[in-house]
Amino acid sequence: MEPATIAEQAVFFVFAAMAILGALGTVYAQRVAHSMMSLIFAFMAVAGVFLLLEAEFIATIQILVYLASVMLVVLFAIMLTRRQ
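Just so we're aligned, residue 117 is where the sequence shown starts under our numbering, counting upward by one.
Hint data in this document are derived by calculation from the structure and do not stem from the laboratory. Beta carbons are placed, not taken as given, at the ideal position from N, Cα and C, and that holds for glycine. Honestly, I wouldn't trust all of these hints.
Distance windows between CB atoms, simulated [unchecked claim]:
id, residue 1, residue 2, range
1, 192, 171, 25 to 33 angstroms
2, 193, 141, 18 to 26 angstroms
3, 120, 186, 30 to 38 angstroms
4, 146, 183, 33 to 41 angstroms
5, 198, 123, 48 to 56 angstroms
6, 137, 169, 15 to 23 angstroms
7, 157, 118, 28 to 36 angstroms
8, 121, 146, 34 to 42 angstroms
9, 194, 121, 36 to 44 angstroms
10, 147, 183, 35 to 43 angstroms
Produce the entire structure from the sequences given, and follow the hints as far as they go.
Rendered as structure tokens:
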């Protein structure tokens, strides 16, 4: 296995920082819709890490399952709940 180059390490740290910021945004968001957008941001960053690790299939499944399915169901649940 070859050691990672400085550029690969920099890209990894960018994706890791994006994932951490997305996770923090999910926890600390005031509104549920903003929390969902932060969670989507975090999931995309994790998919980027998988792409960087040359696991394209896992990254594709991450995007399809989490972003398309789970986020869509949760967003519909948010939209259909009554406001008080």
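Hint-by-hint comparison with the structure:
1. 192 <-> 171: 25 to 33 angstroms: Given range 25 to 33 angstroms: holds, Cβ gap about 30 angstroms.
2. 193 <-> 141: 18 to 26 angstroms: holds (19 angstroms)
3. 120 <-> 186: 30 to 38 angstroms: holds (31 angstroms)
4. 146 <-> 183: 33 to 41 angstroms: Given about 23 angstroms between the Cβ atoms, the range is violated.
5. 198 <-> 123: 48 to 56 angstroms: Since the Cβ atoms of residue 198 and residue 123 sit about 50 angstroms apart, the hinted range of 48 to 56 angstroms holds.
6. 137 <-> 169: 15 to 23 angstroms: Since the Cβ atoms of residue 137 and residue 169 sit about 20 angstroms apart, the hinted range of 15 to 23 angstroms holds.
7. 157 <-> 118: 28 to 36 angstroms: holds (31 angstroms)
8. 121 <-> 146: 34 to 42 angstroms: holds (40 angstroms)
9. 194 <-> 121: 36 to 44 angstroms: The hint (36 to 44 angstroms, Cβ to Cβ) holds, given that residue 194 and residue 121 are roughly 42 angstroms apart.
10. 147 <-> 183: 35 to 43 angstroms: This hint is violated: roughly 19 angstroms between Cβ atoms.
When each numbered hint is compared with the structure, violations occur for hints 4 and 10.
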